[in-house]
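Enquirer: Residue strings, one per chain:
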Amino acid sequence: MKKKSILFLLLLIFHLAVYSQTIAVRGKIRNDKGEPLPGATVTVKGTTVTTVTDADGAFVIQAPPQGTIAISVVGYAGDEEKIGGRADLMIVLHQKASELNDVVVVGYGTQKRADLTGAVVAVTGAEMNKRVATDPTQLLQGKLSGLSVTQGSGEAGNESLVLRIRGLGTNSSAGSNPLIIVDGLPGSLSSLDPQNIESVTMLKDAASAAIYGTRAANGVILVTTKQGTSGKMQLSYDYNIGITRPSALPDNLVYNSAQYMVLWDSAASHSGYPNKFTQAQIDLYSNPNRDKHLYPDYDWLHEIMRTVAVQTHHLGFTGGRNGTTYNIGLGYVNQPDIMLGFSYAKYNLQFNLNSKISENVSFGASLTLNYSKRLYASRGSQDQFLSTLSQSPMYGPILPDGSGRYVNSVFPSVQTPNKNPVAIARNALVNDKDYFVQNSVFLNVRILKGLDWKTSGGFNFEYESTYDFKPVINQYNWFAGPNDLPERTLDVNGQGLTETDNNTVYPVGYTQLTYTRSFGDHNLKLLAGTQAEYNKTQSLVGQRNTPFSNNITRELNAGPVGSQLASGTSSEWSLRSYYGRLNYDYKEKYLLEANARYDASSRFPPGNRWGLFPSVSAGWVLSKERFLEDVSWLSNLKLRGSWGRLGNQNISNYPYQDVYTSANAYNTNTAYAYSFSGSTLNSGVAQNALSDPKIKWETTRIIDIGTDITVFNKLSLTFDWYNKMTYDILYKPQIPAFVGLGSPTINNGKMRNTGFELSAQYAGKAGPVHYSIGGNIQVNKNTLVKFGAPQITANNTINIEGHPFGSYYMYQYAGIFQSADEIRKAPVQQYSPQPGYLRFKDADGNDTVNANDRVIVPGVFPKFEYSLNTSASYKNFDLTIFFYGSYGQKQYVGGWGIQPFNQGSPPPKSYLNAWTPANHSTTTPLIYITGQGNASSNITTPSTFYLKDASFLRIKNVQFGYTLPAAIAKHIAMSSLRIYFAGDNLVTFTKFPGLDPERALGNGNVRFVVHPQNQVFSFGVKAVF
Amino acid sequence: MQHPFIKFPLLLLAAVLLFCACSKNFLDKNPPDQLSSANFWKTQADADQALTSIYSYLIQGYNYTSSTNTGQGWGSGTPYWETLTDNAYSGAFGTIATGDIEATTGTIQSDAYNTSYKAIQDCNVFLANIGKINLDATTMNRYIGEVRFIRGYYYFLLEQLYGDVVLSLRPLGKDSASYKLPRTPKPIVIDSIFSDFNFAAANLPNTAYTGHAVRGTVLGYLTKLYLTLQRWQDAAATAQTIMTEGKFSLYTGGYRGLFLKPGQNNNPEIMFSGRYQIPNAYSPADYLYTYSSSFQPVSNLVNDYECTDGLPITTSPLYKSATPYNNRDPRLLATILTPGVLYKGGIPFVPAQLGASAGFLNKKGVDSTRATVIGTQSDQDWVYLRYADVLLMYAEAQNEVGGPSPDVYSAVNAVRARPGVNMPALPAGLSQDSLRTRIRHERRIELALEGQRYFDLKRWRLDRVIIPTIKDPSGAFRTFPLRDTLWPVPQSEMDLSRTYNNPAYTQTPGY
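Chains as they are written, first to last, in my numbering: chain A, 2 to 1026; chain B, 12 to 522.
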């Protein structure tokens, strides 16, 4: 007690001494966008005089007139400013390249970046929000090295995002998706408003992720939402309007009717198809003086694909006092889809509260409410796309007579197309409403100095309601008279009305103790806790599945009572865990960390439930060693290494028990029911799958070696090499059909991913221009190490040891047969080829081409992915450009848009110059009707002919902004105002034909048509009041 | 001063307790809508549910809406078998019909295999477990009989299509030996079918058809099996047994009524069928056969119907090429939708509108009064075996045994003279060969589009003779390479035989 008093006295004297020579210096701190930086620490250099900026970024500090103040704030390069006698300072901070003193969110806690020994990367919300997207997941693309984000499509609210951390970790039924943790508890990233995100951290290696045990094998993504900042309430408003259109469309199709018809007739001849257009019919469309309203060259593609305006609003409130802070975000997105009829809207509320009740007790809460509404065609966007391409150019969607009736076909004796997509878009869309709540509360108690007890709990609740009304819509012949009967009714995927309600309740809670203590130069941190999770999903379906008497009364009660059906089910799983961590360092020079988690999952049989997942990692900060202390250019050099094991258990809920079920995938409505009497339906059950009573979790072992280097305090580099081995893979093997049952989930197989990640960031200053440049590259190689005998799948892929999982496996295209003579001399091919057919390579050299001549073709995964970001600012202007690329991947494409006349689809224009006896094309085979005759069987044979190079480099985003000078902003009652123009997916460099090369990988999807990606030109405003 | 921690212990304790409250059973989760094997096979109700699932394969693929979906060739898709013959045409099975079937062809080539084995496995699971239920001997044997009949029924299908097939009479999958089974020689498979059928015939109730297989059902299939083996004496005797036992008779409510509700309920002629019920277990028949041209009877069949005088159109004075469907065997217009006839609830049929280049659609088992859209629900049962078939099988076998006899004539003539058809009797004094031709013709007409013709041609070894004479609407002739008498097993099955190191499992010769 005595000692403390003396110290205090000394400090006071010192303080007064300084004070005596000081003036009050006022200032404001902003970032390079002109936004105020609250919470920045301002220190008078050489003293302990410190203050913190308020919500407007303003501060007042007592400092010597010729002194220097130092400013530091998380995420920005520190700065020093000479006061030079001024009493009013304006300081601009730049986001920094090196963030050594940052605190990074890690599993069940935080850590100084400098002390990390695992492979952890993070991105700030500010960095993510340079782009604009409805789903924050999209914004992670290219931002976290080691993470691969593939956007499967641009469909509004259904982007089919695929996240892979360090490659496809497993072929497990448990999946390869990373675990998403929001504010400490498992949650949903997609349901957040991107503007409410403070930071996202990714745990890549076993050392950092092992604390999440059985759920961490595919990596962990930790999301932290924005917390309040102390001070008076600050209001901010963001608005963005994005003019959105397809990034690419197959603009190479024959949409000239006469050409189309002539091509059809020659295709029909080649395919042995009986129905052809007559010369009289062709003449109707080739006469230059024809009525083009009646005999059009109709471009269906542009009827369905459109340019739309997407609008985003975000209102933010933050503030607090007396130890209580809050942050509230209100978001609204209105996103019409580029495909006619589809749309998505998202309403979001984020509420965060933190309160310090006393010196030792604090609590907080985080709440996300999300409501989204999506309209889509019940068979999906791909079906709408292919239905569009199935239409021929000889007619439009609506009859030319002005009656408003929908068209079915023009010459049904020749061909009947797929459903009219315009009629679907206008009449038969599914309405999906999703209500999502994600919340957590925590209570933090400091029991003793250094000993904290934290308890946190919360739940996710999701309620999704789908309303699928199937109206009766007639489709007519293009030339139908007023009294003609419809040709058919529109295929609306069934009849009547189906309403589906699903809900999921998912409570989670944990409680843990943390102990931090330093003994001289030895720093120690211990963590121990326990967690429990429970998940229950329920569904209820009500339907009346025969046509309603009209299309106006659209509720179940108005439907035919004789066809009413109800069904419902539920399922549950639970997890119980204990976890712990030890951090030790000596002088922050030698770092050591060990983690362990002990997990049990209800998905496994009692004897195999518990699993232990340990990890250790170590770091050595060489730059702190004496022998490197004098190397002034080397600001930081750290070597890291880690080893650990992770688990995966996310399989179906009851995999270890033989069950008798009433659900039969082949008779989806009746399942195993049967009506013996013809009047009473008897329910039936059967065992439809095998099970393995001894299964356990699968394990992933990761070794990671990495280094962090900073030179001249300006250029920072991070490099990681890893070797990730997954074994005891939970897998449903294919089994012979004669076994007659579905396959069991078993532990079998090994998969390895090795690769490296390199990221670099440089920040500099050239006169008044601040600039930064950075990039990352990630290289991953996937190898199936142990699988058993090879497995060939129906999707033209093979799983075979020594090659990547799901490697392409198909015939090799070897040119086009030019003559009967060539065919005679060539190895015997299938489907009696004619000149103009494709020739396939006889890989095994036995002079016969058959299934044994399929070969492994590389390219199922990219060789590497890379991104590059540059930014520059000059005075109030700023510019950022972000490139993203992928190299070495191939995509198999077939069907509509590639293969001619697939359901009548217009052929690519290359077929105008196809092989004919007079035109010996070596690139395009003879024209044929897909699905008809030997010509089609030969040419559509899955071969490398349809395997396209999907490498691309794209300018993912460009943003140009202007921040109004503060003085002017003040005049209009704002503390800052920024306007910007941005472009997304502006230019793509690729060899891929027609549509966008970025698409979800194969997986049975061998169709060319997928909902296009979006190209966005946006304008936005960011105002802070 | 009170430590602040003291204020919250209750709250915290509550939270922690809540956590652990359920911990005892926290990790024991069982499926709420399924029964685990430990709780099943206790009561007769369990047996009934398991039996129901076995029958559900008879309407496999019942609600598909696309002509290429799984299950074609079963339930109301059964007529698709006819597209492999001179009776009908479908683009969907063109590759098989034209003689280009490969291991990778898929559709019916793999569906017939996969579906049959699913049903067989379901039967084997049943038979392995039924003993756990306490039932009296008669009831027990009735259950076993029904299930063994259905197992035999599917092995019979497999054996006809693929020849040697994997034969297992116990549930597979639990041991590694399950994955290494060879294809069993066809004669052994047939022995197993006989064993199943004979047990069933001896133990099933001898009544009219109730929706469950009865003794007559089994005897009917036994007759069919004898016919495929050309065991004429046994075939004739077995058919004779059915006729003598007298539980079945020709339906008097009209030929077309046999294939539509309500005539099918308690119908004395139907001996086995796939039963449908609206709205849950509906069939797509009305939609399937009127909505697109994926199934088209061909003129070769249409021209084979006699005129009402019993003469073929080539010689009958009643035939007028301008009105080709007048004065014809009434079964023609009851079976085949000809141009101009109303369908889809009252619309005249114009073949060109559907691109039906063969010119006809199926009418048997299709309710022309129903307006059809995708998803229209039909409830017609699909008839797999009926008494007229038994009479014709008897006539065929007896003619082979003893040549023309009054019994043979009367069996055929009973079918020809059935109410509503009233075709004249066969001329007397036919030779054995001519009578054989007449009986085969009668089978084609009476059972047209019921899925019998493909298997009839196969056992008569006429597939290779007749099919190459058929010209498809595309103008191409079909072919029938001899290897096609047995189909290749699915390529995936061959690929998996390598996966499981099972060299004993081989492809059908010729593929």
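Quick caveat, the hints were computed from the structure, so don't treat them as lab data.
One should not assume that every hint holds.
In silico EDC-like cross-links for lysine to aspartate or glutamate, where the CA-CA straight-line distance does not exceed 20 Å [what the hints assert, rightly or not]:
#1 A/Lys-733 with A/Glu-802
#2 A/Lys-374 with A/Asp-453
#3 B/Lys-185 with A/Glu-573
#4 B/Lys-185 with A/Asp-659
#5 A/Lys-695 with B/Asp-39
#6 A/Lys-537 with B/Glu-113
#7 B/Lys-40 with A/Asp-433
Derived list of chain B stretches under chain A, where covered just means 3 residues or more per stretch with a C-beta under 8 Å from a C-beta of chain A [stated by the list, open to error]:
#8 188–197
#9 228–242
#10 385–392
Ranges of calculated distance between the beta carbons of each label pair, as one might list FRET restraints [said to hold, decoys possible]:
#11 A/Ile-358 with B/Ser-47: 29 to 35 Å
#12 B/Arg-451 with A/His-294: 56 to 62 Å
#13 A/Ser-267 with B/His-452: 37 to 43 Å
#14 B/Ala-436 with A/Ala-821: 55 to 61 Å
#15 B/Pro-350 with A/Asp-822: 45 to 51 Å
#16 B/Thr-325 with A/Asn-847: 39 to 45 Å
#17 B/Ser-47 with A/Ala-795: 30 to 36 Å
#18 A/Ser-267 with B/Gly-431: 47 to 53 Å
#19 B/Asn-209 with A/Ser-267: 58 to 64 Å
Since we're looking at a predicted model, the values are computed, not measured.
All residues carry an ideal CB built from backbone N, CA and C; glycine is no exception.
Enquirer: Work down the list of hints and note, for each, if the structure agrees.
Expert: Do the hints match the structure? See the list:
{"no.": "1", "hint": "A/Lys-733 with A/Glu-802", "verdict": "17 Å, holds"}
{"no.": "2", "hint": "A/Lys-374 with A/Asp-453", "verdict": "43 Å, violated"}
{"no.": "3", "hint": "B/Lys-185 with A/Glu-573", "verdict": "27 Å, violated"}
{"no.": "4", "hint": "B/Lys-185 with A/Asp-659", "verdict": "11 Å, holds"}
{"no.": "5", "hint": "A/Lys-695 with B/Asp-39", "verdict": "15 Å, holds"}
{"no.": "6", "hint": "A/Lys-537 with B/Glu-113", "verdict": "47 Å, violated"}
{"no.": "7", "hint": "B/Lys-40 with A/Asp-433", "verdict": "30 Å, violated"}
{"no.": "8", "hint": "188–197", "verdict": "holds (count 3)"}
{"no.": "9", "hint": "228–242", "verdict": "violated (count 0)"}
{"no.": "10", "hint": "385–392", "verdict": "holds (count 6)"}
{"no.": "11", "hint": "A/Ile-358 with B/Ser-47: 29 to 35 Å", "verdict": "50 Å, violated"}
{"no.": "12", "hint": "B/Arg-451 with A/His-294: 56 to 62 Å", "verdict": "58 Å, holds"}
{"no.": "13", "hint": "A/Ser-267 with B/His-452: 37 to 43 Å", "verdict": "42 Å, holds"}
{"no.": "14", "hint": "B/Ala-436 with A/Ala-821: 55 to 61 Å", "verdict": "57 Å, holds"}
{"no.": "15", "hint": "B/Pro-350 with A/Asp-822: 45 to 51 Å", "verdict": "47 Å, holds"}
{"no.": "16", "hint": "B/Thr-325 with A/Asn-847: 39 to 45 Å", "verdict": "51 Å, violated"}
{"no.": "17", "hint": "B/Ser-47 with A/Ala-795: 30 to 36 Å", "verdict": "32 Å, holds"}
{"no.": "18", "hint": "A/Ser-267 with B/Gly-431: 47 to 53 Å", "verdict": "50 Å, holds"}
{"no.": "19", "hint": "B/Asn-209 with A/Ser-267: 58 to 64 Å", "verdict": "60 Å, holds"}
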